[in-house]
Amino acid sequence: MKLKFRCLPGKFGVCRLPADAAIPAWSKIGSLFSITRTNQELSVVCPEESVPPQQACEGGWICLKLEGPFSFSEVGILAAFIDPLRDEGVPIFAISTYNTDYVLVKEEVSRTALDALRKAGHELIPS
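Start counting the sequence shown at -16; every next residue gets the next number (our numbering).
Be aware that a few hints might be false.
Label pairs and their in silico Cβ distance ranges [what the hints assert, rightly or not]: (1) Glu90 / Lys11: 22 to 32 Å; (2) Pro35 / Lys(-15): 38 to 48 Å; (3) Pro52 / Glu90: 23 to 33 Å; (4) Lys(-6) / Ser79: 15 to 25 Å; (5) Gly59 / Ser93: 22 to 32 Å; (6) Gln37 / Asp3: 11 to 21 Å; (7) Arg(-1) / Glu90: 14 to 24 Å; (8) Ala4 / Gly72: 29 to 39 Å.
Simulated from the structure, these hints should not be mistaken for lab results.
Fair warning: this is a prediction, and the values are worked out from it, not measured in the lab.
All residues carry an ideal CB built from backbone N, CA and C; glycine is no exception.
Given only the sequences and the hints, what does the whole structure look like? Please build it.
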């Protein structure tokens, strides 16, 4: 399965807050943010520049957006995209939405990631 994807502008942070924390206003700024609450944590992905300096956050992620939409009946989309990254030892953070998937990779391994994806036949679309 060959997929098309694009790089979203900017860097992103993956932040951890207490499970009972209110959803902070800074987390809802930007063209992409994701908020997930479990009984163990409140996890926020948002533009790195929005994150306050005192916040526990892993920054330096770039975001690769798969060109969807994809049907829920399609099988193996995310696996087809991340398997080449796994093979090159590239850590990822994945976010899925109703229409598509987003894969975050650390900026310092982004060249390795993009090379692996191209070698696998996936196509980077200019933003």
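Right, here's what the structure says about each hint:
1. For the pair glutamate 90 and lysine 11, the supplied restraint of 22 to 32 Å holds, since their beta-carbon distance comes to about 23 Å.
2. For the pair proline 35 and lysine -15, the supplied restraint of 38 to 48 Å holds, since their beta-carbon distance comes to about 40 Å.
3. For the pair proline 52 and glutamate 90, the supplied restraint of 23 to 33 Å holds, since their beta-carbon distance comes to about 27 Å.
4. Between lysine -6 and serine 79 the beta carbons are some 21 Å apart, a value that agrees with the proposed interval 15 to 25 Å.
5. Our hint of 22 to 32 Å for glycine 59 and serine 93 holds, since their Cβ atoms are close to 24 Å apart.
6. Distance hint for glutamine 37 and aspartate 3: a CB-CB separation of about 18 Å, consistent with the stated range 11 to 21 Å.
7. Between arginine -1 and glutamate 90 the CB atoms are about 20 Å apart, so this pair conforms to the stated range of 14 to 24 Å.
8. Taking 29 to 39 Å as the suggested C-beta distance range, the pair alanine 4 and glycine 72 conforms, at roughly 33 Å.
Of the hints listed earlier, there is not a single one the structure fails to meet.
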